[in-house]
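Visitor: I would like the entire structure built from these sequences, with the hints used as guidance.
Residues per chain, in single letters:
Protein chains: 2
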Amino acid sequence: MEIERALQQLESLQKKLYAYHCADSSLYLDAVTTAPSDTSEGRGVAMSILAGESQKLMTCPETKALLDELSARAGELDLVHRREVEELRRSCEQLTRIPADEYMAYKELCNRADDVWHKAKAQDDFALFCPVLQELVDYNRRFAGYYDASKAPYDALLNEYERGVDRKMLDSFFATLREGLVPLIHKIGEKPQIDDSFLHQEYPAAQQKAFADYLMEVMGLDRSHCGLGETEHPFTLEFNNKDVRITTNYDEHNVASSMYSVLHEGGHALYELGIRDDLQYTCLAGGVSMGVHESQSRFYENLIGRSRPFVEAIYPKVQEFFPRQLGGVSAEQFYRAVNKAQPSLIRTEADELTYCLHVMVRYEIEKQLIGGTLEAKDVPVVWAKLYKEYLGIEVPNDRDGCLQDSHWSGGAFGYFPSYALGSAYGAQMLRRMEQDVDVRGAAARGDLTPITAWLREKVHQYGGLMEPADVVKNACGDFSAEDYIQYLTRKYTELYGL
Amino acid sequence: MEIERALQQLESLQKKLYAYHCADSSLYLDAVTTAPSDTSEGRGVAMSILAGESQKLMTCPETKALLDELSARAGELDLVHRREVEELRRSCEQLTRIPADEYMAYKELCNRADDVWHKAKAQDDFALFCPVLQELVDYNRRFAGYYDASKAPYDALLNEYERGVDRKMLDSFFATLREGLVPLIHKIGEKPQIDDSFLHQEYPAAQQKAFADYLMEVMGLDRSHCGLGETEHPFTLEFNNKDVRITTNYDEHNVASSMYSVLHEGGHALYELGIRDDLQYTCLAGGVSMGVHESQSRFYENLIGRSRPFVEAIYPKVQEFFPRQLGGVSAEQFYRAVNKAQPSLIRTEADELTYCLHVMVRYEIEKQLIGGTLEAKDVPVVWAKLYKEYLGIEVPNDRDGCLQDSHWSGGAFGYFPSYALGSAYGAQMLRRMEQDVDVRGAAARGDLTPITAWLREKVHQYGGLMEPADVVKNACGDFSAEDYIQYLTRKYTELYGL
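Which chain is which? The protein sequence lines are P and C, in order.
In this text, residue positions in the first sequence follow my numbering: the first is 20, and each later residue adds one.
In this text, residue positions in the second sequence follow my numbering: the first is 20, and each later residue adds one.
For the record, the hints were derived by calculation from the structure and aren't laboratory data.
Please note: incorrect hints may appear among the correct ones.
Because identical chains cannot be distinguished in the list, a pair is counted as satisfied if it fits within a single copy or across any two copies.
[Said to hold, decoys possible] EDC-like cross-link-like pairs, simulated, lysine to aspartate or glutamate; straight-line CA separation at most 16 Å: (1) K187 - D97; (2) K407 - E221; (3) K138 - D57; (4) K34 - D120.
Predicted, not measured: the structure shown is a model, and the values here were computed from it.
Guide: In structure tokens form, the structure reads like this:
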């Protein structure tokens, strides 16, 4: 086949995959935003069939032949096409190992599980979710074998979210974090605690919504290409680099909740919006990995959003939105309140310092679930045990315990460590960025342009063009947890006068 | 092939078509409800590819062979399967005649056109929409030939919305309507006009939204299966009989606007929700035709919603929603106001009596556009001329003129007559229904259950199992415009003391 013709076919294949991705995303977005409550069955039928068609497309003989030919002629391809072929071949091989009926049934299960999870969480009824969770675990254990039979199942799953990462690396990473952070947390426990009660007055959702609009503006998110919705569990979803959606959730008794979820999801959105145009409608169009993705979201949420200069810069405006609640509160008080470090129940609401402990709980449970040494029915007990052990707190119910997150109900096992990795990547990027950009000065002006420009140049633009580890290396050198621990130590030592 | 295996393949084919339908609907729903403004390009790529895949599925040799075999063995099939095969063969033959690239390009165009129409309407700029409109017309003229080359193009298009209907039938139908209604309209013009100024006070959207929720409750629309959204142009969209969405639009200076659009779209929704379970995920699952669909929407909007007993029944509740605006207004005044007959600009806001004149304007223009005797650029002039001629009013701008409706931008030429046909079907159904059900009594109790039950039995349940004309015949005998004219004559003679 002529190379031009083969490349046209490659483009056509990827556009089709993009179309299936859009269909799936759109049905999912509808499900979690506007769909009536009892509509999951029909949607499950549709989503499962579309997944099946997409799998069929990726594994049919024509696709295989095309990818084999282009792979054999890799020397004639430019970098983008070479990477596309590499990624597509990997998917093709994986999907070929997954039986079609299992693949479709799993898609249907994830749709149903999400529905069941919503109900179980609303009713604080783990028993409702438990059998579905076990089913999801069983599927994921089998799928892990299809992904990479040479790896232990949980390592294979981890690799899907952050290529190259395994339990060995994470065990050591989390041990380093624990070693660095737990003493800090203990020291803070002995100090007078920061008063953050004013964050928990009544904050009407409508005003919080207007405030969220303002925050998106500060972040430089172009609203003609980036929407803001409302869901139980905030998330970011991308169709392409001109169409990204973020969601948040308004807690009328916690103004920081939506504020920091908007900054977090906004970080994800900036990543997706910053990917090069020439990668659109290809398999390289999205963020490269969940770890790198979380490095961006956690960067805007914490390293910028919870920094003193940024809080001081936007605070007069924050007061304008909430004069009744914050009129008598100083910027410094607000800054300290949003950085109060105290072990708590909910991961997405956790402070920067104790956040990774929440991730470790989930990591330990996932390891055991996928390793086959823990059954779904025993998750609540282990959850409570680990929260007691790591965070020193009692878990009063499953709604605020093991039912709090939407990841497992969506079938994502191995995702959680990305949050911790991303946080550490981000700290390392910040340190490197400070050599090129006056980060504190920019944040103090409330102008994130030079910061986003740096991240766009070093990280965003590449999409999936490089491996996750190479993106990190490109932005800040070889990965290490040191910058993250130093950053947190410096910040919290100053905050609490340790 | 064994018949059982063939029927399994038939089911699988239809489920796939259903999945593509869901994907398309979901992307469309997103586009008109929550998508950011500049995102149509990527969505167009996706929608066009999905349409192409769906067409490929319907026209591939395996599908043809399957349908041919089942058609040859029709005697062995039950009624449902026989009708499915009949409908699918018709689609297969049609789609085979449409070149794949044209089909996909048309889908992309419709997506883009909808976007352009929104902008053109917002800016009152017909010139922006004009070239797209001409493109849409050109496509539809070509497609008409693919649909049925033996018919004149506009007749072929009409047939897509109401099988068996053509210009000859419609010319005569509209002539009968004009003959019956225009003298009434003239007589009303000589009478003192009803005061409806209280409908045009300030009605905050939030209260109208709560009122819309109430109206859905009165209609018996189960909210766990039927959602309510907000769009520029109200519409109904169905995924299946357990998942239907309606939308409305809140005009803060016209309480009747959203009220009657909810009753209208609610009628569509009741139809879709009432279709038999065993037809779901098949090609017979939706309402049989647009005419029959509009018979249901116009029934709930007008024959019930604008009837004196129904208005009297719900009016105390209406006053509760709007005490400031309607506290001093009697039920009779309200009833008369929502039935005020006066030529006006906007079809969806038109009174029952002059409504069909709006349809006739569009019918005349479509006839000429598709007939090739009118170009898009001349539409505004002809629009103004016909509004002057039929309704006696001046059209001040294109936003309230030929840009007011979303049908053409969605590619729907030949749809409009369905509204008039449906209105007439509905009046005929009402007359027949009154023989079985105490309609006025039920409306006076604000209990629509027996009315909906009758429609469900006679119309809804069948979905596409019968031809449109047979559904009408089954519910009320051979079609005639007489009941409709009599109904309007009686109602407006009484209202205006003619």
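Visitor: State for each hint whether it applies.
Guide: Quick rundown of the hints versus the structure:
{"no.": "1", "hint": "K187 - D97", "verdict": "neither (35 Å within a copy, 62 Å between copies)"}
{"no.": "2", "hint": "K407 - E221", "verdict": "neither (30 Å within a copy, 56 Å between copies)"}
{"no.": "3", "hint": "K138 - D57", "verdict": "within (11 Å within a copy, 35 Å between copies)"}
{"no.": "4", "hint": "K34 - D120", "verdict": "between (24 Å within a copy, 15 Å between copies)"}
Hint violations for this structure: numbers 1, 2, all remaining hints satisfied.
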